[in-house]
Every structure is written in structure tokens, then in C-alpha cells.
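Participant: What follows is each chain in one-letter form.
There are 2 protein chains.
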Amino acid sequence: MAGESNIRRLSVRGFRAGGIASGIKKGGRKDLALIVSDSPSSVAGVFTSNRVKAAPVLFDIKRAGKGVSRGVIINSGNANACTGEKGFRDAKAMAKAAEGALGLKDGSLLVASTGVIGVPLPIEKITSSILRLSQRLSPSGWMDAAEAIRTTDAFAKAAVKKKRIGGRDVTLLGIAKGAGMICPDMATMLAFFATDAVMDSATLKDALSNAVRLSFNRITVDNGTSTNDTVLIFANGLCGGQPIRAGGQGFAAFSELLTELSLKLSHMVVRDGEGATRFIAVEVRGAVSEGEAKAAARKIAGSLLVKTAFFGGDPNWGRIMAALGSSGIKMREGSVEIYLNRVRVVEDGMDTGMEKAAARAIKKRDVTVEVDLKLGSHIYKLWTTDLSYDYVRINSSYRS
Amino acid sequence: MAGESNIRRLSVRGFRAGGIASGIKKGGRKDLALIVSDSPSSVAGVFTSNRVKAAPVLFDIKRAGKGVSRGVIINSGNANACTGEKGFRDAKAMAKAAEGALGLKDGSLLVASTGVIGVPLPIEKITSSILRLSQRLSPSGWMDAAEAIRTTDAFAKAAVKKKRIGGRDVTLLGIAKGAGMICPDMATMLAFFATDAVMDSATLKDALSNAVRLSFNRITVDNGTSTNDTVLIFANGLCGGQPIRAGGQGFAAFSELLTELSLKLSHMVVRDGEGATRFIAVEVRGAVSEGEAKAAARKIAGSLLVKTAFFGGDPNWGRIMAALGSSGIKMREGSVEIYLNRVRVVEDGMDTGMEKAAARAIKKRDVTVEVDLKLGSHIYKLWTTDLSYDYVRINSSYRS
Chain C
1 MAGESNIRRL SVRGFRAGGI ASGIKKGGRK DLALIVSDSP SSVAGVFTSN RVKAAPVLFD
61 IKRAGKGVSR GVIINSGNAN ACTGEKGFRD AKAMAKAAEG ALGLKDGSLL VASTGVIGVP
121 LPIEKITSSI LRLSQRLSPS GWMDAAEAIR TTDAFAKAAV KKKRIGGRDV TLLGIAKGAG
181 MICPDMATML AFFATDAVMD SATLKDALSN AVRLSFNRIT VDNGTSTNDT VLIFANGLCG
241 GQPIRAGGQG FAAFSELLTE LSLKLSHMVV RDGEGATRFI AVEVRGAVSE GEAKAAARKI
301 AGSLLVKTAF FGGDPNWGRI MAALGSSGIK MREGSVEIYL NRVRVVEDGM DTGMEKAAAR
361 AIKKRDVTVE VDLKLGSHIY KLWTTDLSYD YVRINSSYRS
Chain E
1 MAGESNIRRL SVRGFRAGGI ASGIKKGGRK DLALIVSDSP SSVAGVFTSN RVKAAPVLFD
61 IKRAGKGVSR GVIINSGNAN ACTGEKGFRD AKAMAKAAEG ALGLKDGSLL VASTGVIGVP
121 LPIEKITSSI LRLSQRLSPS GWMDAAEAIR TTDAFAKAAV KKKRIGGRDV TLLGIAKGAG
181 MICPDMATML AFFATDAVMD SATLKDALSN AVRLSFNRIT VDNGTSTNDT VLIFANGLCG
241 GQPIRAGGQG FAAFSELLTE LSLKLSHMVV RDGEGATRFI AVEVRGAVSE GEAKAAARKI
301 AGSLLVKTAF FGGDPNWGRI MAALGSSGIK MREGSVEIYL NRVRVVEDGM DTGMEKAAAR
361 AIKKRDVTVE VDLKLGSHIY KLWTTDLSYD YVRINSSYRS
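Top to bottom, those sequences are chains C and E. Taking the numbering used here, the leading residue of the first sequence gets 1, the next gets one more, and so forth. Taking the numbering used here, the leading residue of the second sequence gets 1, the next gets one more, and so forth.
No wet-lab data here; the hints were simulated from the structure. Small disclaimer: the values here were computed from a predicted structure and weren't measured. Do not take every clue at face value.
[Claimed, not checked] Below 20 Å or equal to it, Euclidean Cα-Cα: the simulated EDC-like pairs (lysine to aspartate or glutamate) are:
| hint | chain 1 | residue 1 | chain 2 | residue 2 |
| --- | --- | --- | --- | --- |
| 1 | E | 86 | C | 333 |
| 2 | E | 86 | C | 337 |
| 3 | C | 86 | E | 351 |
| 4 | C | 86 | E | 347 |
| 5 | C | 86 | E | 348 |
| 6 | E | 62 | C | 333 |
| 7 | E | 86 | C | 351 |
| 8 | E | 86 | C | 348 |
| 9 | E | 356 | E | 314 |
| 10 | E | 86 | C | 256 |
| 11 | E | 26 | E | 144 |
| 12 | E | 105 | E | 85 |
| 13 | C | 62 | E | 333 |
| 14 | C | 205 | C | 144 |
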């Protein structure tokens, strides 16, 4: 699906990637990925807000702090979370084995894991596969890497964009995984970006934090926040020219590029939401502050009653009003307007009699919910899914 | 199911109740209930925290403030919420028609509605049925009233208890409805209590607030808060003796009685949770404050991932750890213990290898989740359901 159209051009100069099956997942599915920069890259990361952080997250927070890295090794099928001291030793062993196979010095690589929580990582499967993986790396190996980081994802997620910045063609490439445990702050997922832009780690971190705030932190599938969320960006500087610095014109252009690609990948995560049959954009406007607009939008997007109504194709705006009222924000019931795919179903807080038209309008994969509070000028937008039988099926089947 | 065993004794001296079909609901199902005290009763109410309050809620908040009432008329099948000025006129008309039929003076009765939001109340169906309903009232008519306030409830909920207080036999009877849109603060539901205790309105309100905090505010099915939640209690004083006063010994005894009955009814609401196959008690202990224990318990009970795992019979404690970590409370991952139906699945934050035993232990209708943070001495307990296909089915089918 999305991202596939870009496979041909999925590369950034100076980076190689790959993915293979190491035996962590059953059925010969790919589960081990490696992304390597041929030269030292600036690096920045954003990590889960969950107080229970997986070993690889704690490992990366420390190691990414150095600002320079050569890449990351990632496994799926096991989160290496709640695994105690062994978990930390395994995260380190995983990095060390990959560094050895690539002839890199100790401390060069980051680590990420995703999958089931609380099961010790089968580290020997990983270490015994790393040499084979290192030999399969290629500049066009990104789709294999995107495949190998999937868990319940129905499709691999990758995207690439080029942009003229400071007289140079900057390429930015990203891959991501995520389908369940998706919640703002931040979505349960992994995402990795590589660019040839010239940027130091601090500038990269600024751009990444901004992009994540506008994209990955605005998607929700099931209000869950995982123990393993990680977004990393590597910049090897190979496009040359003046460094992009915070506050400069180039920075704005790069931030825009990174935000666009983050939005693209984060929307792919929502479209691939476990069991999702609809892609729902929720926009609350006319709020007295952005915080209030955000609280209202999150309450609506998080409501099981709203999500199941959309699954059933029911323009049940009463549930949207109930969610709005329970969000704790300032509102005047009598001035609320609600639009479903542009059909006004509520005016002055009451039914407009347009329900049949709305029922027709929302029988689409893409649905927009617009709420106008008519109190102020602030706005907040986020993206979510409906809630279907398949979400229950996927998440109730015993782990195997 | 529950409550049915008490049918024979379901009465309180001086109160009459009844329920009939007025045609709001299809298929001749009961949808109009009336509870009347033969003499003026003290009254107290607790209402939804939703900012969008239905017309009958606003009506009752004002009228219950007088502290004296003769009863309440209730309809199901229509919430009379988001219905503008007509909604207020309808709530008033409903009370007035019932007052007329019973020969009561204006202002004697309260009103409650539950059902679909945003549809004008078919007030003529109600007013034309009230005379018939008033003729069907009887001291043993409570089960008919409990039937008539059902929406998606699978069974009617009623319970009665007697207790010796201040040398008198005090009877307390309650009926409730609720199955979906159930969330703490407060659960989406209606509940009505009648007692022959001698208490003024302020004392009654104290006892009610305390009981609601320990019961109805501690249950969650789907994190939704409705526009119509209402709990009312009427006390006609017919058991005689000294009035029960706040702070006295009788007050403690009455509070205990009311809390017990509230717990009983609120647990019935959870057992009848839409699509529920399990009744789950979540207890967090060893927290540094009750607020922190509460935040953690609510996050666990609200997690779709935890709820779907229990539906599947999967003792997936990793999802409980993830929920705990994202609740924002103080915790030391390495000291957490988790028990599922008394089987310790997590010790020192890690797997105990007892998963198979736990899987067997939770294959029951009743499941307890105990989390010990081992940081302090505070505790919080609440009750919830699993999340099944049937929840999605019930809430995605188009209203009809």
C-alpha cells in the first residue's frame, strides 16, 4: 500500500540498510534489521514517555546523548522490556555483535526492539545472524529493513522526499512500524530517519522534536503507550554545503521536510491501525486555548463509543457531544457545531436533521470530524481509527 | 440474574413503584417508570460531571436542591439531551403530567431520562401514558420500574437490605440501570434509592456522596461519561425514631448500608457491561498516595490492551506493566509485583514463570488483578469488564 510506490528511489547516499529472518518470529518472517551510515552521523532521538522503559530505550537515551552514531540494529518479535539486568546485557550484546561484524568501534550503534513484553530476548539467535545480515546490507535495502521491524503491521511503512535547501538537494528517508498500542505522547512505534543534510545533533533534535509533536504525537489507535517507542534520525552531512543551523532559513525548510515525512509515516501507522476500517481526522476549533482544543480532540478520538459508531457507519453525533462534555474544557453547549465529512450535523448544540446525508457522507475510508466550539481562535487536529471486531480479535488472541 | 432473588421482598413502607410501555421503545418493551413516596420525603442527588448535561439533569439539580420531594418519573429509550429549549419544556411537562395524575402539587416530582442523545423526546407518548402508569403503582412494583429504566442492560438491577439502626429496622431499596458509557466520575447510569430512615436532605446527601465515591465512581466499562447520569435517594422517615444525623453512630451505620447496596448495584452494572464476559477487580496497593493508586488502577482498567487480553484468557502482564508505566505515577519498575487471581506473575518487575498457572487461574468469570508497587501504604480498588466482540457489535449497530 502506501510507501510502496517509492521503493525504487528508497535510498540516501552514504546509508545502507537490510533485514533478514533470525528466527525470533515464527514462519521465516523477517525480524532483524540494520541501518548503517558509512561515515559518522549526527544523531537525535525521541523516546517513549512511559515510566517503564525497555532496556534498548534506556541504552539509546544514554548512547544517543553523545550526538554521533553509525546506525542502529533493530529486532521485532520481542520488546526486551521488563527483562531486568539480562535485558541490559542483551541490548549491549546486540549492539556489540553488530559493531563487530561491521568492524566498527565500541559505542557506534544504537539498538531498538519491539514485540512482546517480559520475555528474555533470544540473544543467540540475533548474534548468530548478524554476520549474515551485515553481508546483505545495501543502499537500496530499506524495504527489507521496513519489513523486518513489523509486528502486527499489515504493511511495511517507508517514505522518501527530496527538497532543495541552501542550494543543495537534501534527501530524507524514513521507515516506521506501528499498528497497536498507539497513543499520543507518543505513538507506540518505531521510526528511523536518514538524511544527507549537514546538521549537528542539537539542531537535529530540535527539528525532530518539532516534527514528532506535529505528527507521531497526534495519532491514536487505542490510547496505549508502549515501553519501546523510539524515533531516531541520522544525518551524515554528505549533501555538503553550509550546515543547517537552528533559527536559519535552512532549518525551517528542513523542519518542514521532516514534518511532512513524519506526517506521512504517522498517517500510514493510523491507516494500518489494528483492525481499522476507517482513517479519522478529528479537528477541534474555536477553543479558548490550544490545550483545550487538544484535550477535546483527544477525548473524542479516544472514545470507544465514537470509534464503534464510525465502524458501524453511524453518524452518532450524540456520542461526540458526550465526549466533548466530559473532556473538562470550557464550552457553551448551545453554540457547538459539528461536521462529519463536511455535513453539518449539529448547529447551536442541536440536531440539524442532516443525519441521513451524514450517514451517506461517512461511508468512506476517510472521515473528518470537525467540531467548532465558537469560543476562541485555537485549533488542534489529530488522527485516529475506528474500533472494529478485528481490533478485539488481534488483541485477544493468545500470544504465540 | 443478580437481584432477582430479592423480588419477593422488594418493597419499602410508604413507597410505590411501577413501569409500563409507553411506545418510546419498540416491541412493547417497558420504557416509563414512576417511583412515588406517599408522604413528602427528604431527597438528595448526585449527577453527571459531564459539561453537557441533559435537560432532566439540569431540572433535577435545581428541584432536588429544595431537599423535599415525592418521587421521580423516568423514561428510557430517549435521553432528552442536546434537545435545546424544547428539552427543558419536555422535562417539565413530564413531571407536571405525573403530578397531575397523582394529585400532587407542582414541583413535587423529579425527572430522569436515558437513551439516545439528540432526539426530541416524544412527550405526547409519555403524557398520554401517565394516567395508566399511575394506576399501576404498587408497593411491590419495583421490578417493573427496574425493567422500564433498562436500555442495553441485559437484566434489570434491584436490591434491598435491612439494617438495625438506632433501635429501628431501616429498609433501603435501590434500582439501577447501566451497561455502556460507564466510567468513573461517574458511571453512566441511573440509580434510585428509597428508604424509610429518618434523615434530612443534607445528611442524606453526605451519605450518598460517600457511597457513590466508593461504588458508582469506581466502575468502568468503556471510559465514557454520559450526559444523563443521576443517582437519587428518597427518605420518607416512616421507620420512626430519632433522626439520623451526620457524625452520629446511626449515620455511620446508614452510610455502611448505603455503600453496601451501592456496591451491589454498581457491581451488577459491571457484570452487565456491554459484551462483558468477565468481571475484573483491579487493586493497586503500596502506592505513595491514594491519588497515585487511583491513577494507576484507572489506567489499567481503562486499557483496551489489558481488556482484550482478558477476553482472550491471556495473562499478558506486559500490558499491565505498560499501562502502569504510562499512568504517570511514581514507581520503581524493579519492585513491582503483579498477581492474577492470586497467582504471582511478576516479582521484582519481572516474569516469575507462572504464566501457565495464571492462564488456568483466569479462565473464570471473576478475575482479580493485584498490583503491589511496594513504595507506600496507599490502596485503591475498582471494577471493570473485559472488551469483547460483542461490545463492538452492540455499539456499532446503527441506532434503531
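Participant: What hints, given by number in increasing order, does this structure fail?
Facilitator: 10, 12, 14
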